[in-house]
Each structure stands twice: as structure tokens, then as C-alpha cells.
Amino acid sequence: MLDLLYEPWPWYVAGPAIGLVVPLLLLFGSKQFGVSSNLRHICASCNIGNVEFFNYDWKKAGGWNFTFLAGTVLGGFLGGYVFANPEPIQLAAATITDLQTLGIQDFYGLVPDDLFSWEVLGTGTGLTVLGLGGFLVGFGARYAGGCTSGHAISGLSDLQLASLIAVIGFFIGGLIMTHLIYPFIL
Amino acid sequence: MKFTDFLKYLILGTLFGFVLIKSEVVSWFRIQEMFRFQDIHMYGIIGIAVIIGILSIQIIKRNNLKDMQGTPISIPPKDSSQVTRYLMGGAMFGLGWALLGACPGPMFALLGSGLSIMLVPIAAAIAGTYTYGALRDKLPH
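Chains as they are written, first to last, in the numbering used here: chain P, 1 to 186; chain D, 1001 to 1141.
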């Protein structure tokens, strides 16, 4: 039984679990699932330059979401540290081949050491992946009004056309990056 | 916030972070695999999550369910006339998602797993959010 906590969970177990976050947050207090709103609340909490977009009562709007986010970090600690999966991820063979061709060597953990370490941050590749990647995620999420949780999960669950357009945008950007730009970064 | 509310959101967030790690949604490798259409894994997770979400929201709406405070649950609709915003913003997000291999939830779950380097993309994402807020009036929506 305890093995289940260490083992990776298949998609047909994880999918329903993630989907249930949507109704649970609604039932808890009419809250809409969306992680990237926290980034806005963080900006609002220290609104340097008094930007209008960040002028609101962030404690009232974001208190529950910060709590949820603290839980997400704690869950990451439990799942990725205390009960970390000791085995490498069972990736598709084609993905491993493609990534090896690009020069990725470490396939052991959740992310490759080749890109995710303080040593790599000093290189152009590391700065692009970690710095520019993070910047685009934050900028794009707010521009689009939500991220994977806000649009792809909660927005589509509520059959919102806006979210479908945003998700199409996610894939346009993602496919361009993966197939056209990444080969030049690695 | 009441302590019971605090506990509810903390526990649900903890389960969410745990599932993100256990399902490997947080993995840069899995995002690469998804954008290369080489495995069902990510599509299965997002697809089933959306199906469960649709069904549960329909149940909530059709039965006019109330939340735990007794307030009738209503979900404000999104303004789908702002196509530029969703498409442009979405594409920028997608570029970042594929580049970093993590969206906001996974960034924080990975930080919790002990990957301190995630502080860099988190700080960058906050900077990106701030930049959007500052430039908002100048961008097409």
C-alpha cells in the first residue's frame, strides 16, 4: 500500500484527481481554480510604482489562493522529496531519442540537470530556459487571463469559448517553441 | 480567514501539489513529450480532468448548489470577444510553458520537492506578471 505513495500515478488516476479540484473549490467558497492569479496577488502585495492593475485588496481576493499555493509547495515536498519516485520517468522511447539528439544527457529525475541547476543558470541556455521561460509564463498567463489551471482546466470545464481560444494559443506557442526554437537553444 | 477555511484550502492545495508530482505533470520531459505528440500521458490527464470538471459543474449548475457558506454558486463568464488577448497571451504563455517545461502550479510544486533553482523562474514569472500589469494599457486585447 505504501508503495503507491512512492510510485508514479498513471494518467487515469491523476486526471480525475485534478479535475475534482474545480468543483471542490466552488463548493468550499465559490472559488475559481487558477494558480497564476497568485503571481498577480504577489505583485499587488508590493505594488512598486503603484500600477493600477495591482491596486486591489489582495488579502481579500487572494488569501485563500495563497493558502492553496502553500499547500501546493507542501504537496510538492511530500510527493517529490518525502515520497520521491526512485525510478526515472517512463518516457516514450521516441522522446528520449529526440532529446538525446538535442544534447540532453540526464534522464534521471523530474527535470534534466542539464537545464535545471544553479551552475547552468550562468550559461545562455540556462538563463533562457529558466529566466525567459519563467518571464513568458508570467506575462502570457496574465495577458491571456489565466494559465493551464485557469483556462485549460477550469475554463474548459465551464465550456468557456475564451478558454478554448487561450488553450489553442498555448499549443501554438508550445509547438513553435518545441519544434522550431528549442533546437537553436540547446 | 477562519482556521477551518485555512485548513480546507491548505489540504486541497497539498493534494494538488502531491498529484502534480506523482503524475509527473511537473516534468520538463513530460511537457516535451506532450508537444511532440509522443505519448497519451499529458493528454489523458488534461482530458479526463476537463471531463470531470464539465460533469461536476453541470451537476452544480443544474441543481443550483450552494457553497459551504450558503451562497449560491455562480461562475462569471469570460469575455470571449477579446480574441487577440487570448490568442496572443496564450501563445506567449505556450512559448514559456514549452521552454521552461512548467506552468505556474508545477513551478511551485517543484520548488517544494527541493529544487531551489525554481526560485529563478518563479521570480521571472512575477517580473513577467508585473511587466504585463505595467504595459496593459498599451497592449491590444
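Keep in mind the hints are simulated off the structure, nothing from the lab. Take the hints with a grain of salt, since some may be wrong.
To be verified - Pair ranges (Cβ atoms, derived):
no., chain 1, residue 1, chain 2, residue 2, range
1, D, Lys1066, P, Leu186, 22 to 32 angstroms
2, P, Tyr56, D, Ser1074, 39 to 49 angstroms
3, D, Thr1084, P, Asn55, 17 to 27 angstroms
4, D, Leu1139, P, Leu180, 20 to 30 angstroms
5, D, Leu1119, P, Leu159, 14 to 24 angstroms
6, P, Glu119, D, Met1068, 14 to 24 angstroms
7, P, Thr125, D, His1141, 15 to 25 angstroms
8, P, Leu5, D, Thr1084, 44 to 54 angstroms
All values reported here derive from a predicted model rather than from experimental measurement. Note that the Cβ used here is the ideal one computed from N, Cα and C, for glycine as well.
Okay, the hints, checked on the actual structure:
1. D:Lys1066 x P:Leu186: 22 to 32 angstroms: violated (52 angstroms)
2. P:Tyr56 x D:Ser1074: 39 to 49 angstroms: violated (20 angstroms)
3. D:Thr1084 x P:Asn55: 17 to 27 angstroms: Holds, at about 24 angstroms.
4. D:Leu1139 x P:Leu180: 20 to 30 angstroms: Check passed, 24 angstroms falls within 20 to 30 angstroms.
5. D:Leu1119 x P:Leu159: 14 to 24 angstroms: This hint is violated: roughly 37 angstroms between Cβ atoms.
6. P:Glu119 x D:Met1068: 14 to 24 angstroms: Check failed, 48 angstroms falls outside 14 to 24 angstroms.
7. P:Thr125 x D:His1141: 15 to 25 angstroms: violated (33 angstroms)
8. P:Leu5 x D:Thr1084: 44 to 54 angstroms: holds (45 angstroms)
Hint compliance for this structure: hints 1, 2, 5, 6, 7 are not met, and every other hint is.
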